[in-house]
Amino acid sequence: MRRAILHRLAQAVMVALLVGVLTFLMMQSLPGDMAFRIAAGRYGYDNVNAQAAEAVRQELGLDRPAIAAFGSWLWDLMRLDFGTSVISGAPVMTEIRHQLGASLQLAGAALALSLVIGPPIGILAGLRAGGLLDRVLLVLSTALRSVPQFLMGLVLIVLLSIQLGWLPAAGHGRAEHFILPALTLALGLAAVSARVARDAMARVAGSPHYAFGRWKGLSEAQMLRRHGLRNIGVAMVTYLGLQFAMLVEGVVVIEAIFGWPGIGHALVHAIFGRDVPMVQGTALLLGLGFVLLNALVDLAARWIDPRAGGVGT
Amino acid sequence: MRPAFLSAAALAALSLPLTAGTNDGVLDIVAPFEIKGADPVTSGNIFIKMDLAETLVNVDPDGRLTPGLALSWQASDDGLEWRFDLRPDVVFHDGSAFDADAAAHALNVARAKPGLLETAPIAAISADGGDLVVTLTEPFAPLPAFLSEYRSLILAPAAYGPGGEVTEVIGTGPYRVTRLDAPLRLEAQGFADHWDGPPFIDRASYQSVGRAETRALLAESGDADYVFNLDPASVARLSGLDRLEVQSVSVPRSLLIKLNGDHPALSDARARQALSMAIDREGLAQAILRYPAGADQILPPSLADWHSETVAPLTHDPEAARALLADLGWQPGPDGILTRDGDRFSLVLTTYPDRPELPLSAAVLQQMFADIGVEVVIDSTNSSEVAVRHGDGSLDMALFARNFALVPDPIGTFLTDYAPTGDWGAMNWDSPEFTALIRDLARGEGGQPERDRAIEILQTELPVIPVAWYQQTAAISGAITGAVVDPFERTLGLRSIRWAE
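Those protein sequence lines, which keep their order, are chains S and U.
Going by my numbering, 2 is the number at position 2 of the first sequence; the sequence numbering is gapless.
Going by my numbering, 373 is the number at position 373 of the second sequence; the sequence numbering is gapless.
Hints are supplied without guarantee of correctness; some may be wrong.
To be verified - Across the chosen pairs, the derived CB separations fall in these ranges:
1. U:496 x S:68: 33 to 43 Å
2. S:91 x U:241: 50 to 60 Å
3. U:94 x S:268: 48 to 58 Å
4. U:129 x S:29: 51 to 61 Å
5. S:293 x U:32: 29 to 39 Å
6. U:501 x S:158: 24 to 34 Å
7. S:129 x U:240: 34 to 44 Å
8. S:93 x U:101: 31 to 41 Å
9. U:196 x S:93: 34 to 44 Å
10. S:245 x U:331: 52 to 62 Å
11. S:29 x U:500: 53 to 63 Å
12. S:242 x U:500: 31 to 41 Å
13. S:91 x U:66: 55 to 65 Å
Unchecked claim - If you want a taste of the chain U side facing chain S, the calculated C-beta under 7 Å gives, among others:
14. 217
15. 382
16. 403
For the record, the hints were derived by calculation from the structure and aren't laboratory data.
This structure is a prediction, so every number in the text was calculated from the model and none was measured.
Ideal Cβ positions, reconstructed from N, Cα and C, are used throughout, including at glycine.
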């Protein structure tokens, strides 16, 4: 266990360094004058002129060599200081906490909703592999997965918000604002998680130990509870980790459509505005987030998997 | 089965009718502008539109200056001192009193930051008894207009940190901020102690939505009462809905092509005139921008003082353009592109996608220029590249949108952009007559004939080529009355909006 944790920690340090170096190099290689871009980000492009850019250059010390800037970023990072946004002047951590928080809430809601929709239907289909529900599910999940998320978002807004008037079309701040963006993300995720659950269930349901259970006279519900769910759990948890990576990609698109103040939105604007501390901080936290997630998925899979001596054995 | 039950319950929960599209007592405003923080220098355009803070001087829809936090103002005889008589009995949202000291403090902080105020010839801003006094280094007639701009918003002394950074929006407006969730949302409540009484609607919200499609959907679904900056396609769709009113006004923002006067192919005014004649403004405006017409001079009729009735309008005449270029020694090469002494008439057009119509318009212009034998390569990049390339001299030409109404008197913009050269205006172009006219006008000397002459010089010399005048469009819900679309993009008229009966 200790070895696994040390391994993950070393991985986290490597990711931090790599993300830092890469984002720094990428930001440096972008064309154009950084002071002008930052001034445009701060004051709007109507108000960008050489004077404003010069003021920004002086204020932020943009004339110093790039390597010195990187060195000071690394030194600050070692003291867990992420710096301040050059656009808003607020501490990067405060900005990220707000924006990442909004993204995580949305991603969490989407994941929960997808778990409510996808696996139960998948399990039902898997229990009767080849049945009507199974065939309908195949068509439906293929269709849902192949629709781009921005299109799905627009279709849901037109249907649920404009035609039926049930939900707000976009926005942020109230509980009901979660539902449409979360549902947009969840449908895509559920389309796949239903298939994963269906395949795992079909495999388990066709296995000799399942047949033995039936032969013992256990009911379908008892069978599922005792022998089914734990076995498909490993596949589901591993897939959940993957889903999270897909979510990050989807969240960026969905935030733009629904006017959601998330990390995708923040990252895009930070790149446009040449807000290097924000880009570095955001990329770093996303990178570390993936390391943490992988670690958690590994641990959860070990814990659940009966073959690895997990819970309940 | 429990899973089946769970999913059924979730679906049932989703089908419960919620509050969307109903009048929830909050006046919901949607626009693309993002809240970058509490400082008027970065986000004042939103604070002024949301009636959270006020300026000393206001502007009516015709561009005339009207009393704001100052009741009246006058310059000394030598024009070097402006005295503002401030409105009595005004309080800030934190309960502190608005007075000349507070106004001087706010303006001095703003003046130290990049902005128009920084460019004005101000020596000092101070309180003198109950009056605010601005001392100048030279006469400057547009000073009151400069003080109507959003970066001159007056915030309470408690709004500023020790270094002049703004920590909180504490203004005097009829609404006060109750929640500021930068970058996308703020909520406000009517301010009971406002000097003109509280607004009719007690609660308002502002939501920044970057995508035009989403803004249109918010208007269509009824989630927002007042939606700004509609894209051309949405205007057509939303105009057909009974419960919405789509308003459109011509704003003092022009789509311009800026040219480098030092470029060998562009230094002669006739070459610039030829490029101007190659442009079918009508076609471009209707096909790409969905506006009724293009721009036949630099400023639209809504800026009555500066829109000249006497200049000859810019026209589309490719034949005449080809003839002019032939006079200048340009001859078509084997591929149809003009050449002169072995040089091709080839230019790089810099533009930016922040305004989606710009790269599209650039592509259309490229075709129009190709039609007279001029090759144009489009470089769609970051907006700041226009100013950067102006600075280092590497710019050939740029397509951009310029706001002439940052202050209602465009003299400020003319001073920085054209007298004689500036990041967003003329490049390597100098007309001593024009510069003298503009500087005189800025000092308060001269009137309509001088303005007309100045416009005529721009129209003939064409340091920039006008292409179109922008229109501001907004969708206003039938649930409210009293909204106005301000050509100066300064106010939404929030304080006078009521719920419809």
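These are the hints, each one checked on the structure:
1. U:496 x S:68: 33 to 43 Å: violated (55 Å)
2. S:91 x U:241: 50 to 60 Å: violated (44 Å)
3. U:94 x S:268: 48 to 58 Å: violated (36 Å)
4. U:129 x S:29: 51 to 61 Å: Once the Cβ atoms are compared, 58 Å apart, the range 51 to 61 Å for residue 29 of chain S and residue 129 of chain U holds.
5. S:293 x U:32: 29 to 39 Å: holds (34 Å)
6. U:501 x S:158: 24 to 34 Å: holds (30 Å)
7. S:129 x U:240: 34 to 44 Å: violated (50 Å)
8. S:93 x U:101: 31 to 41 Å: Check passed, 36 Å falls within 31 to 41 Å.
9. U:196 x S:93: 34 to 44 Å: For residue 93 of chain S against residue 196 of chain U, whose Cβ atoms are near 41 Å apart, the range 34 to 44 Å holds.
10. S:245 x U:331: 52 to 62 Å: Check passed, 60 Å falls within 52 to 62 Å.
11. S:29 x U:500: 53 to 63 Å: holds (55 Å)
12. S:242 x U:500: 31 to 41 Å: violated (51 Å)
13. S:91 x U:66: 55 to 65 Å: Check failed, 41 Å falls outside 55 to 65 Å.
14. 217: Holds. Min distance 5 Å.
15. 382: holds (5 Å)
16. 403: The hint holds - residue 403 of chain U has a Cβ within 7 Å of chain S, the shortest such distance being about 5 Å.
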